[in-house]
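Enquirer: Chains as they are written, first to last, in the working numbering: chain C, 398 to 548; chain E, 27 to 151.
Partial pick of chain E residues on the chain C-facing surface, computed with a CB cut under 8 Å:
#  : residue
1  : R49
2  : G52
3  : V53
4  : V69
5  : R70
6  : Y76
7  : N77
8  : Y83
9  : V96
10 : I99
11 : I110
12 : R143
FYI, nobody ran anything at the bench for these hints, they're computed from the structure. Glycine residues also receive a C-beta, built at the ideal position from the N, C-alpha and C atoms.
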Amino acid sequence: MSEIAAPRSSSRSRSLKGGGRNRSGQTNFELYSWLFMRLSGLALVVLVLGHLFVNLMLGGGITALDFGFVAGKWANPLWQVWDLLMLWLAMLHGTNGLRTIINDYAEKDQTRFWLKALLITAAIVIVVLGTLVIFTFDPCLDPSSTLSVCK
Amino acid sequence: MPSKPAGTLYRGREGMWSWVAHRITGVGIFLFLLVHVLDTALVRVSPEAYNEVIGTYKNPIVGLLEVGLVAAILFHAFNGIRLILVDFWAKGPRYQRQLMIGVGVIWVVLFVPFVIRHLTHVFGG
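Construct the complete structure from the given sequences, taking the supplied hints into account.
Expert: Here's what the structure looks like:
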């Protein structure tokens with residue numbers, strides 16, 4: 398973006414650098430949001446399709462899913478990181494998508510406010526819960542676990 | 027009723043419908059995600075609680091719903107990539123029709139093997 402002097406504008410950066418405001422006095426939030434949807438979307442294609450392939454296509458697919466399956470997966474740090482990234486990116490991507498939809502269809506200020514308050518509350522609860530579950534998971538809750546950590 | 031504007035490139039055509047479908051599949055996937063984090067959280071409660079809930083995912087009706095979920099995810103994923111190409115690839119807008127066909131082809135190629143394998147698991151082959 399070229400820096401053309403504009404009347405009454407501050408000398409603050411009008412470029413893409415964070416926190417600044419552009420010439421019309423608005424933040425670049427919607428620009429970052431637009432970019433985030435594309436970047437996170439790309440990552441999610443890999444994360445979600447990989448998740449579906451491993452859980453539903455390989456081995457016994459859905460019939461093999463149980464506590465032991467989850468314990469086996471999370472014994473590997475790769476899957477912990479995978480699931481954590483997927484949780485955060487999917488929730489941010491989905492929450493931002495719903496924010497856009499609320500902005501488009503809820504016409505009253507009050508309605509928009511309450512719908513977004515509900516959305517953000519739900520998103521925070523789910524992200525915090527999911528993160529705690531990944532970090533505090535105890536495979537040895539299962540007494541018949543064959544994992545070496547439980548012996 | 028106002029008359030339909032003539033010669034529009036977007037309204038009522040595949041570009042508009044893929045936008046509508048992207049929104050509907052996006053909302054559906056998001057709602058499932060909320061439920062899915064909650065059911066997975068049961069691994070913190072007890073193996074029995076988790077196994078019981080995950081057991082419902084194996085029943086035939088829910089198994090069919092999963093087919094719908096994967097159909098939505100595959101569409102949303104590859105339609106999203108089409109959007110990225112239209113936005114960032116200089117030739118994207120020119121090849122938008124071909125990109126749309128590409129989304130359909132990839133969707134079929136991934137969806138068909140999934141349905142066969144998943145329904146074999148669900149209905150016990």
